[in-house]
Amino acid sequence: MLLLIPLLPFLGFLINAFLGRRLPKSVSGGIACLAMIAAFVISVLAFLGMQPGGTQQTVFNWIPSGDLQIPFALRVDPLAGVMILIVTGIGSLIHIYSTAYMHDETDGEFARYFSYLNLFAAFMLVLVLGSTFPVMFVGWEGVGLCSYLLIGFWFRKKSAADAGKKAFVVNRIGDFGFILGMLLIFATYGSLDFQVVASRVAGLAPEQTAGVITGATLLLFLGATGKSAQIPLYVWLPDAMEGPTPVSALIHAATMVTAGVYLIGRNAVLFSHAPITLAVVAGIGTATALMAGTIGLVQNDIKRVLAYSTVSQLGYMFLAMGVSAYAAGIFHLYTHAFFKALLFLGSGAVIHALAGEQDLRNMGGLRRALPITYWTFLIGAIAIAGVPPLAGFFSKDEILYRTFASQHVLLWIIGLVTSLLTATYMFRLVFLAFHGERRHEAPPAHPEEEEPAAHAGAGDRAGAQAAAHGPATHHGTSDPGPRTPSRGHAHAHLHDAPPAMALALIVLAIGSVIAGFIGVPHALGGSNRIEAFLEPSFQAHATAPANPEFQTTPFVHPAAEPAAGHDETAAGDTGTELTLMALSVGIAFAGIGIAAYFWLRNRAAAASMARSLSGPYKLLLNKYYVDEIYDALIVHPIVRLSTLGLWKGADAALIDGAVNGVGETVRGASSVLRRLQTGSVRAYAASLFFGVVMILGWYLWR
Amino acid sequence: MLSLIVFLPLIGAILVLLAGGRGDRPERESAVRAIALVFSLLTFAATLYLWARFSPASADFQFVERHAWLPQFGISYHLGVDGISLFLLVLTGFLTPLALLSSWQSVHRNVPLFSFFLLALETAMLGVFVSLDLFLFYVFWDAMLIPMYFLIGIWGYERRIYAAVKFILYTMAGSVLMLIAIIGLAYVRSASAGQPSFDLLDLYGLRLSWQMEQWFFLAFTVAFAIKVPLFPFHTWLPDAHVEAPTAGSVILAGVLLKMGTYGLLRFSFPLFPHAAAWFAPVLAILAVIGIIYGALVAMVQPDMKKLVAYSSVSHLGFVVLGLCALNINGVQGAVYQMLNHGVSTGGLFILVGMLSDRRHTRLISEFGGLKGVMPRLVAAFLVVTLSSIALPGLNGFIGEFLILLGAWRWHPRFAAFAAIGVILSAVYMLWMFQRVHYGDVTNEKNRRLPDLSPREWALMVPTIAIAVLMGIFPGIFLKPMEASVVRTIDRITSAVPAAASKAPAPAETLAQRQAHHE
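As they're listed, the protein sequences go chains A and B.
Under this note's numbering, think of the first position of the first sequence as 1, with each following residue one higher.
Under this note's numbering, think of the first position of the second sequence as 1, with each following residue one higher.
Isolated chain A, as found in the complex (with noise of 0.2 Å):
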């Protein structure tokens, strides 16, 4: 049964790449929309059919080398359930938005998105579920893979297809890192099994395990930044967006760019035993969310001060990890997933109104126009803020009070200012967008005109010619621009979300609102349900199963329990955990209070504020100069080097120059012997013949 909740989205996937050209967009959208609603049905029937320990399947023996034999097995214990559930569920209502959002593209076009997302979907259940390294591998590189397709969805554009060309290469730095890790753990452990790797490593004293396992933690961890877009790796995310909203929405926010917390989760085991390695993650979580937070702040691209706000999210799951305060980065994970998804899709019913439009500047005082839009992000804003009782509040401030309690005070405070400026930045945006004034226009709404989906497909890939054409609305921003705005129809009506749209963003906000409260935590009289759900998955398995067919040995608690000692630390200090909370309750309010005196009340005041910091200003809308710096330090070396260095230098004039010069000096020695050459294959092979048969003769009866 496993198999299938893959499967479904595959078979959506060959049956569109296959004949989806000749389908209607009704059938092909259909089809792949169904595949996930099907995945996850059967996702849910495999969550609640779950056994105590996981169920596993094992379909065939995939590799089978000498003592190395992989089988091709799927597991889902409760990390998986959980992340089956978000992937199938977020991935049915991104589909369903998507037959919308994406109508305006031609029926070859609207089959060849959705078999890339169909299969997208396939790969990632693949990921969650492969019950080894190399299984999950396939779902890792095949979910790059196809964030690569989507990104370069509109691949007419250079700037989309660089950016999925760049996704895919930083992607594969960090699997580099993967790779490594899978070897150095199967020399080591004998086996690539998440258990059997988990069960050998637990039974071991910490200083058996020191060297090896902090080796292939960092290694595993380098694979996690790549693809969760973390320090040092994070650079291709922001470009990512140049993909359509839905699959930022569904890739680069809620599903694939968490496979690296996932990564962690599902090794926690591995994590626990290496204290440095945590250290590190822990670090580079903190330093990643300060760092984009800060970026996001001043970034007047919607969906990039969302994509620098996924980063930062991302940072905070990593600083939870770290912390071995594992179950609280899956829960935030989970509900970042409701509440990212949900501001995006926003994010995209905005654009989609606008015929394109992408930049804050030209956007303002849509409330009005677009209520459902509004209502709904605002609810996935607040949310995101960490304004309690929505979701965001209970899972961060559970990472919050987590990385408080194993005494990382520094990053306690880093967190707290980082949630500072989550609840600015997201406020900002709001207000930009929806309140205020209108600095827009509206898309020409003549009635012979198709759709205004239309205009979100058009306007968003046929950057260039828009630019060529477009008034002054366009600002230049790193998104095309819509379609030329008729004047006469200043204030003309913007369409709201249609229907397949509105059901998803509703649904979404509905979930960014309750998805919280099945971890409220012990202070405030709840029972933190998910982390007591989750637990058994970051303790190694009391067997490791000789028979890796059906595993159903429960799970044993104590013995091999991770370091972090929060039980008595839960159930100690209830006073400080509610004083934490009430503190970041009030960051959250306070950041959304300069939010609203910097962009509501008082505009101008940001403006002079960014002119008399132009310094700091510049730095972080050039985002750090970190790409210009990549550039200069590592992609033109290599290009040069390459070039002049190996290609001209080593292989042309070195190695070449060296055989030339044999030639040479032989060719000057057999001129000698010229007349030998008589052209005739025949007698070259005579003579060949014969120069054998001497050397042979010579040989044997000298």
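Do not rely on the hints blindly, as some may be mistaken.
Unchecked claim - Over the 12 Å line for every Cβ pair with chain B, so calculated as not near, a few chain A residues: (1) Met50; (2) Arg438; (3) Ala500; (4) Leu503; (5) Ala605; (6) Leu613; (7) Val626.
What the hints assert, rightly or not - Derived DEER-like restraints, expressed as beta-carbon distance ranges: (8) Leu633/A - Val461/B: 40 to 46 Å; (9) Asp440/B - Arg439/A: 28 to 34 Å; (10) Pro56/B - Ser687/A: 24 to 30 Å; (11) Pro388/A - Val461/B: 43 to 49 Å; (12) Tyr157/B - Tyr625/A: 29 to 35 Å; (13) Glu444/B - Pro64/A: 50 to 56 Å; (14) Gly691/A - Asp440/B: 57 to 63 Å; (15) Trp698/A - Ala173/B: 19 to 25 Å.
Unchecked claim - Sample of chain A residues facing chain B (criterion: CB under 10 Å; computed from the structure): (16) Leu19; (17) Arg21; (18) Pro64; (19) Ser65; (20) Gly66; (21) Gly144; (22) Phe176; (23) Met182; (24) Ile638; (25) Leu641; (26) Ile655.
These are computed hints drawn from the structure, not numbers from a lab.
Ideal Cβ positions, reconstructed from N, Cα and C, are used throughout, including at glycine.
Fit chain B to the given chain A structure using the hints.
Leaving out everything else, chain B in the frame of chain A:
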């Protein structure tokens, strides 16, 4: 059975010449092509039949044929197949029809002769893989050069003569060394056993002095290293590929390069195990250099064919690295990677050939935006590209993963450096892919190019199908080769216990060797 398979293409080749008659007779072209294709397909079917009859559990040579040939020299006509050569035969059988078909559009000059050379080449290649007699092996080995020389020299592009001569000189230089070593071996054998023998199985057990072993090993290995080509012997390859017609490139990359790695595994290593253990780290270093070097140089090539050629240097570096690890993962991965490379790089050359047929240029800068013009061709290009960059789920990943694992278990450092190639392959392939297929159509000549023709479908469908099959069910191939791989490794490592899986430092082995022999 084996003789039939080996000489079936040659029969076809002769028939083709007879059917074609003398000189250029365009009206007979289609008949000639049909005959050639039928014979190549028959050969392929025969190799598949061989696979079906092959008993996978046995490590011994199967379908053995042995006839005295020149008994006074100990030369016999000795053929046999084990799990390693079996799949190389199938690969050869698979690629030859594709190669024939790939040139239907572009080759019109003297088609009978062209088909003759390709089929004759197939006989020589098959012969190399099944020869169990060193003299016979050498005959096939050199027989291979001649058709290839003419394929490049007659039907190639502008600088074909230079490329053909460079190709033949490079390879001949190696062959001569090998020939001397072969004769020397037979001589040593006659000195120790009383009578000469060129039989591989006789020679496997031969004991040599350390010094002699070293020299013999080097002579064989240099010949094979040129063929692979191992850095720094690779500079003939880009020229040969760029100038060769598509069919030539497919065969060259798909099969001929494997002669080198096959030779290392079949001859160099087991014949001279002590020298192999001693030199393995050196070869591995060259292989790792080749992986990174080939990838970096591929990255900056303006010509697609040259890019793919340099990528071959990188991929074959992986193969050599896997062989040097001398453990089951490494060697199985290496053999698997030989097959992968044949499929993926063969496929890439076919695809580049299609573009070149349409536009008569292979310069990346001449293209752009093809995805909008020929979506199906580009989709096929994408899958083959992904198989070449080892995306899990496709064939390339299995080979690279096993090789890296084998290398890691031997010397983690080699694996770590080699894995950089995994990053770089994505860089050069996707960069090329993007410049050729994405973006807007900037060159008017590209606007009306036709998508895949039925003939081109017939080329791409089997290529992609096999890439997927090999990625998802590698066991089909890995299991039958396992026993033979284990036997081969045993042959090498049982002579040199220290080399079993952890390689000793060269100095140690040398000391051991000397102690052993003195």
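Quick rundown of the hints versus the structure:
Every Cβ of chain B is farther than 12 Å from the Cβ of Met50/A; the closest lies at roughly 26 Å, confirming the non-interface assignment. Residue-level check passed: Arg438/A sits 34 Å from the nearest beta carbon of chain B, beyond 12 Å. At the 12 Å boundary, the C-beta of Ala500/A stays outside the reach of chain B, the nearest C-beta of that chain being 27 Å off. Taking the minimum C-beta to C-beta distance to chain B, about 32 Å, the non-interface status of Leu503/A holds against the 12 Å cut.
With a least CB separation of 43 Å from chain B, Ala605/A remains clear of the 12 Å interface cut-off, as annotated. No beta-carbon of chain B comes within 12 Å of the beta-carbon of Leu613/A; the shortest separation is about 38 Å. Distance check on Val626/A: its Cβ is at least 19 Å (rounded) from any Cβ of chain B, clearing the 12 Å threshold; non-interface status holds. Between Leu633/A and Val461/B the C-beta distance comes to about 45 Å, which sits within the given range of 40 to 46 Å.
At about 31 Å, the beta-carbon gap between Asp440/B and Arg439/A stays in the expected band of 28 to 34 Å. Judged by the Cβ atoms, the range 24 to 30 Å given for Pro56/B and Ser687/A is violated: they are separated by roughly 45 Å. Taking the beta carbon of each, Pro388/A and Val461/B are about 59 Å apart, not inside 43 to 49 Å as hinted. In this structure the supplied range 29 to 35 Å is violated for Tyr157/B paired with Tyr625/A, their Cβ-Cβ distance being about 45 Å.
Checking the proposed 50 to 56 Å range against Glu444/B and Pro64/A shows it holds: the Cβ atoms sit about 53 Å from each other. Distance hint for Gly691/A and Asp440/B: a CB-CB separation of about 60 Å, consistent with the stated range 57 to 63 Å. Taken as a hint, the range 19 to 25 Å holds for the pair Trp698/A and Ala173/B, whose Cβ atoms sit roughly 21 Å apart. Hint status for Leu19/A: violated, given a least beta-carbon distance of 13 Å to chain B, over 10 Å.
Proximity of Arg21/A to chain B holds as hinted, the smallest CB-CB distance being about 8 Å (cut-off 10 Å). Interface hint status for Pro64/A: upheld, as the beta-carbon distance to the closest one in chain B is roughly 5 Å, under 10 Å. Proximity of Ser65/A to chain B holds as hinted, the smallest CB-CB distance being about 5 Å (cut-off 10 Å). The closest approach between the C-beta of Gly66/A and any C-beta of chain B is roughly 4 Å, which is under the 10 Å cut-off, so the hint is satisfied.
The interface hint given for Gly144/A holds, since its Cβ lies 9 Å from the closest Cβ of chain B, which is under the 10 Å cut-off. Taking 10 Å as the C-beta contact cut-off toward chain B, the hint placing Phe176/A at the interface holds, the least distance being around 5 Å. Given hint, Met182/A at the interface with chain B, holds; its Cβ is 8 Å from that chain's nearest Cβ, closer than 10 Å. Annotation: interface hint on Ile638/A holds; nearest CB of chain B at approximately 7 Å, less than 10 Å.
About 7 Å separates the beta-carbon of Leu641/A from the nearest beta-carbon of chain B, less than 10 Å, and the hint is met. Taking 10 Å as the C-beta cut-off, the interface hint given for Ile655/A holds, the closest approach to chain B being about 5 Å.
Taken one by one, the earlier hints fail for this structure at numbers 10, 11, 12, 16, listed in ascending order.
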